[in-house]
Amino acid sequence: MSTSFATPAMLLRRRIATYFVGGADQIPALVHALDGHLVHELSVDIKDGVRESSMVCAVLLAGAEIGPLLERLRELPSVVSAEPA
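Just add 1 to the spot in the sequence shown (first one is 1) and you have this note's numbering.
To be clear, the hints were calculated from the coordinates, so they are not data collected in a lab.
Heads up, some of the hints might be wrong.
Pairwise CB distance ranges (calculated) [stated by the list, open to error]:
| # | residue 1 | residue 2 | range |
| --- | --- | --- | --- |
| 1 | 63 | 18 | 29 to 37 angstroms |
| 2 | 72 | 13 | 13 to 21 angstroms |
| 3 | 72 | 29 | 15 to 23 angstroms |
| 4 | 50 | 12 | 22 to 30 angstroms |
| 5 | 25 | 64 | 28 to 36 angstroms |
| 6 | 52 | 14 | 23 to 31 angstroms |
| 7 | 49 | 81 | 25 to 33 angstroms |
| 8 | 11 | 47 | 30 to 38 angstroms |
Cβ atoms here follow ideal geometry from the backbone N, Cα and C, with glycine treated the same way.
Could you build all of it, start to finish, from the sequences and the hints given here?
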């Protein structure tokens, strides 16, 4: 007798680098865009006098989820770019 098990999509740890303008005021919207995903690491670098700030995170995602997450980040008005790191 053969038993088949449904296996969930394989989750991989993926790093994403997001560059944004607007400083610390933009952090809540950036973090909100990550809702629903398991975030393992998150760092934000904001420097006085520098136009763009950065957020780098490691998120557990299935392969098909990275594109929609990057698009969600890119749709934020403050985001200059969001790419796999």
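Results for each hint:
no., hint, result
1, 63 with 18: 29 to 37 angstroms, "violated, 20 angstroms"
2, 72 with 13: 13 to 21 angstroms, "holds, 18 angstroms"
3, 72 with 29: 15 to 23 angstroms, "holds, 19 angstroms"
4, 50 with 12: 22 to 30 angstroms, "violated, 39 angstroms"
5, 25 with 64: 28 to 36 angstroms, "holds, 33 angstroms"
6, 52 with 14: 23 to 31 angstroms, "holds, 30 angstroms"
7, 49 with 81: 25 to 33 angstroms, "violated, 18 angstroms"
8, 11 with 47: 30 to 38 angstroms, "holds, 34 angstroms"
Taken one by one, the earlier hints fail for this structure at numbers 1, 4, 7, listed in ascending order.
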